[in-house]
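Heads up: the sequence lines are chains A and B, in that order. Every letter in the first sequence is one number past the one before it in UniProt numbering, and letter 215, counting from 1, is 215. Every letter in the second sequence is one number past the one before it in UniProt numbering, and letter 140, counting from 1, is 140.
Don't read these hints as lab results, they were simulated from the structure. Be aware that one or more of the hints could be misleading.
With a straight-line Cα cutoff of 20 Å, these simulated DMTMM-like cross-link-like pairs (lysine to aspartate or glutamate) come out [stated by the list, open to error]:
#1 A/Lys247 <-> B/Asp160
#2 A/Lys291 <-> B/Asp162
#3 A/Lys337 <-> A/Asp176
#4 A/Lys247 <-> B/Asp162
#5 B/Lys302 <-> B/Glu318
#6 A/Lys182 <-> B/Asp218
#7 A/Lys58 <-> A/Asp121
#8 A/Lys247 <-> B/Asp196
#9 B/Lys113 <-> A/Glu295
#10 A/Lys247 <-> B/Glu244
#11 B/Lys87 <-> B/Glu99
#12 B/Lys113 <-> B/Glu157
#13 B/Lys88 <-> A/Asp97
#14 A/Lys58 <-> B/Asp31
#15 A/Lys177 <-> A/Asp121
#16 A/Lys177 <-> A/Asp133
#17 A/Lys59 <-> B/Asp31
#18 B/Lys302 <-> A/Asp225
Calculated Cβ distances over 12 Å to all of chain A for the following chain B residues [claimed, not checked]:
#19 Ser22
#20 Glu67
#21 Leu129
Now the stretches of chain A that chain B is said to cover, found in silico as 3 or more residues with beta-carbon under 8 Å [unchecked claim]:
#22 31–37
#23 59–68
#24 89–95
#25 99–106
#26 149–162
#27 200–207
#28 242–256
This one's a predicted model, so the numbers in the text were calculated from it and none came from an experiment. Every residue gets a Cβ at the ideal spot worked out from N, C-alpha and C, and that includes glycine.
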Amino acid sequence: MATQLAVDSHARYFAICLRGLPHQMTSLDAARMTFVQLCLVGLAALGKLDEVCSAEEKKQMIEWIYAQQVLSDGTELSAAYCGFRGGSLFGPHDLCDYVPANSANVAGTYSALCGLLLLGDDLSRVDRPAIVDALRCLQQDSGCFAPHPSTTERDPRFIYCACAISAILDDWSGVDKDAAVKYIVSCCNPDGGMTQAPFQESHGGHLYCCVASLALMGRLDAIPDRQRTLRWALQRQNCGYQGRVNKPADSCYSFWVGAAVELLGGHDLVDAGAVSAFLVQCETRFGGIAKFPDEFPDPLHAALGIVGFTFCNPDGFPRMSPTLLLPESLVERLDIKAARRA
Amino acid sequence: MVRIVDNDEEEWLPMSEQEEWSDVVPIPQDDGRNPVCPIAYTDEYREMTDYFRAIMAAGEVSQRAFELSGRVIDANAAHYTAWVYRKKLIIDLGLDIGEELRWVSEISGRHIKNYQLWHHRGALLPLLLDPQDVGRLSQEQRVLIPAIRDELRFVGEVIDNDSKNFHAWSHRQLVVRSYGLWDQEMAYVETQINQDVRNNSAWNQRYFVLTANQSTDDFVLTEDVADREIAYAVEKIKLAPNNESPWSYVIGLLVRHAPAMLYERLLPRINELAADKDYAVAVTSTPFYWSALVDIYEERAKTLDVDERGDVEAFASEACDSLAE
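Kindly generate the complete structure, drawing on both the sequences and the hints.
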């Protein structure tokens, strides 16, 4: 059975996605920034980013990303809306009487910063104080983060985004780390798994967000029973990784759970061959990787499946940071201290 | 409205040709000269969002804004500010919350795993029925209140279609906790586990119902309840020994709340099961059995003095060897 990735086919897939997505993906319109990031991550993980994107194309992409930045207008009212939007569908920057019409989102901000770094930008046009202020506004009393104002949504996905943003900007003044750690600990379940809020079902996606956040904050020691958490994560592997107990394996968990396993020191306990074989089964003839075998691909499963594959096959691919979805070489060069592996 | 029916065919009348919108200057999307990952929008979506951009930028409060927000959300349920705007319109216009929840139910089939949709429901429900208003009622009376009855019915239908929908189970926790509906939830959990003993979401909910209904921070696991839960888990293990859920449930419960009971109360039941000729082979060939023994012996070893640990460590070692195979 083949356990080699169809590298060129996936590189072409990401190149096509960067040029355009079909109308069936309209529901991704508010998260386009994240899909841009994922296409670039996928290419970087394959070692194909420079080959696929010319210097001119990279410059153009950088311009598009910066065009989504919501800058501070100096008022307190707008502070929480600053950062990067998830796409260009929101209100025009200069015309909104209703402030929330043109709102950034912490996921958009995180994806934008990662995207800019992958494209070689120096972040000089990023309004750092505005972003850090926004994080401060969005952290809740519980320690968790909301993605933007006026929503009841808050969960570890946004704690992770806040931590990743703070790590990249090397400015943690927008994050009360103790409060965030306390919230994450409250999400640790008796089975060792982690979830989005106390008492909810252990979930591989939230496991990643919790563990990676702790790693970035230098607080992995806060996990109540680290061995049990590692065991929970490793038990998600039968062939590929599942996201929850008794659910089918899904390619994206090769990253969410796979990266958590890396961060918890379980690399040698993974059946790398089985994970690799499952991911190859999820490859499609269009290029890209699908959630399950014999389905259509999407940039999220493609990028995360590829990164998950590289954890299991470190030779032959650039090493990817499990905390930031950036190449380790970039993390080193930029000296992103929080993301340096212990 | 948008659609006109002509000769039994539905036609889409562009908003630019509708009298109702003639006073609005739509704002085209500015995607720059070189958009990245541009989506090939339908003409209908492109136009509706051009008008929506204009309306929302002005913060218009009107019935037409409210209806347009619904169309935009149904086309793109992850439009995160459309939901914020819609919630504001509902409040500013004094619209009927029950009607809104019904609308959300109608569109939910297309967006059943969308975070914003579930949070919208969760935010509206207390506006429809203030949790403080049910305080005096018994639990049996509470489940008959239409708002609660309808909410439980909605989320029940979602779970009937997808028994492990993460948002649905999470929403149930919100509703149960807000209105104190613990008894019916335990019954619901048991029905779900009976339908599918491998439904881990239902097992997780069992832990929630058992331990989250506390006025103090710490739940105390009594021996009676522990024995009951151990018996329940063992009964379900018998149905499918290689099912991770009941093992994970009972070990997790005891490790967290009464570790001493792992050795004193769980181990005897597991040993019985492993000695029972009807179950011995199935049980001892699942890794969860051996993993449980490791947990039990590890916990036991912690309570013993160093020189007493010999036997326990030998048992644990054997269990690990079996797991490795």
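Consistency of the hints with the structure:
Between A/Lys247 and B/Asp160 the alpha-carbon distance is near 16 Å, which keeps this suggested pair within the 20 Å criterion. Annotation: proposed proximity of A/Lys291 to B/Asp162 holds, straight-line Cα distance about 17 Å (limit 20 Å). The hinted pair formed by A/Lys337 and A/Asp176 meets the criterion: a straight-line CA distance of about 18 Å does not exceed 20 Å. Distance restraint check for A/Lys247 and B/Asp162: the Cα-Cα separation of roughly 12 Å lies within the 20 Å cut-off, and the hinted pair is therefore satisfied.
This hinted pair checks out: B/Lys302 and B/Glu318 have alpha carbons roughly 18 Å apart, not beyond 20 Å. Using a Cα cut-off of 20 Å, the hinted pair A/Lys182 and B/Asp218 holds, with the two alpha carbons roughly 16 Å apart. At most 20 Å may separate the alpha-carbon atoms for a hinted pair to count; A/Lys58 and A/Asp121 meet this at roughly 9 Å. Our distance criterion of 20 Å between C-alpha atoms is met by A/Lys247 and B/Asp196, whose separation comes to about 13 Å.
For the hint pairing B/Lys113 with A/Glu295, the CA-to-CA distance comes to about 19 Å; that is within 20 Å, so the pair holds. A C-alpha spacing of about 11 Å is found between A/Lys247 and B/Glu244, which places the hinted pair at or below 20 Å, so the restraint holds. Proximity of B/Lys87 to B/Glu99 is assessed by CA-CA distance (about 13 Å); at most 20 Å being required, the pair is judged to hold. Between B/Lys113 and B/Glu157 the alpha-carbon distance is near 14 Å, which keeps this suggested pair within the 20 Å criterion.
A hinted pair counts as satisfied when its Cα atoms are at most 20 Å apart, and B/Lys88 with A/Asp97 qualifies at roughly 15 Å. Under the criterion of a C-alpha separation no larger than 20 Å, the hint pairing A/Lys58 with B/Asp31 is consistent with the structure, at around 16 Å. For the hint linking A/Lys177 to A/Asp121, the alpha-carbon distance of about 28 Å lies beyond 20 Å, and the restraint is violated. The straight-line distance between the Cα atoms of A/Lys177 and A/Asp133 is roughly 15 Å, inside the 20 Å bound, and the hint therefore holds.
Distance check on the hinted pair: A/Lys59 and B/Asp31 sit about 15 Å apart at the alpha-carbon level, within 20 Å; holds. With a C-alpha separation of about 15 Å, the suggested pairing of B/Lys302 with A/Asp225 holds against the 20 Å cut-off. Every CB of chain A lies more than 12 Å from the CB of B/Ser22, the least distance being 20 Å, so the non-interface label holds. Every CB of chain A is more than 12 Å from the CB of B/Glu67 (nearest about 17 Å), matching its label as outside the interface.
Residue placement check: B/Leu129 keeps its beta carbon more than 12 Å from all beta carbons of chain A (closest about 17 Å). Residues of the stretch 31–37 of chain A with a Cβ under 8 Å from some Cβ of chain B number 4, which satisfies the need for three, so the listed coverage holds. Evaluation of the coverage hint for the stretch 59–68 of chain A: fulfilled, as 6 residues show C-beta separations to chain B shorter than 8 Å, against a requirement of three. With a cut-off of 8 Å between beta carbons, the stretch 89–95 of chain A has 5 residues touching chain B; three or more are needed, and the interface restraint holds.
Only when three residues or more bring their CB closer than 8 Å to a CB of chain B does the claim for the stretch 99–106 of chain A stand; here the count is 5, and the claim holds. Note: the stretch 149–162 of chain A has 5 residues with beta-carbon separation from chain B under 8 Å; the three-residue rule is met and the coverage holds. With 4 residues having a Cβ less than 8 Å from any Cβ of chain B, the stretch 200–207 of chain A passes the three-residue criterion, so the hint holds. Coverage of a stretch by a chain is defined here by at least three residues with a beta carbon nearer than 8 Å to that chain's beta carbons; for the stretch 242–256 of chain A and chain B the count is 4, and the condition holds.
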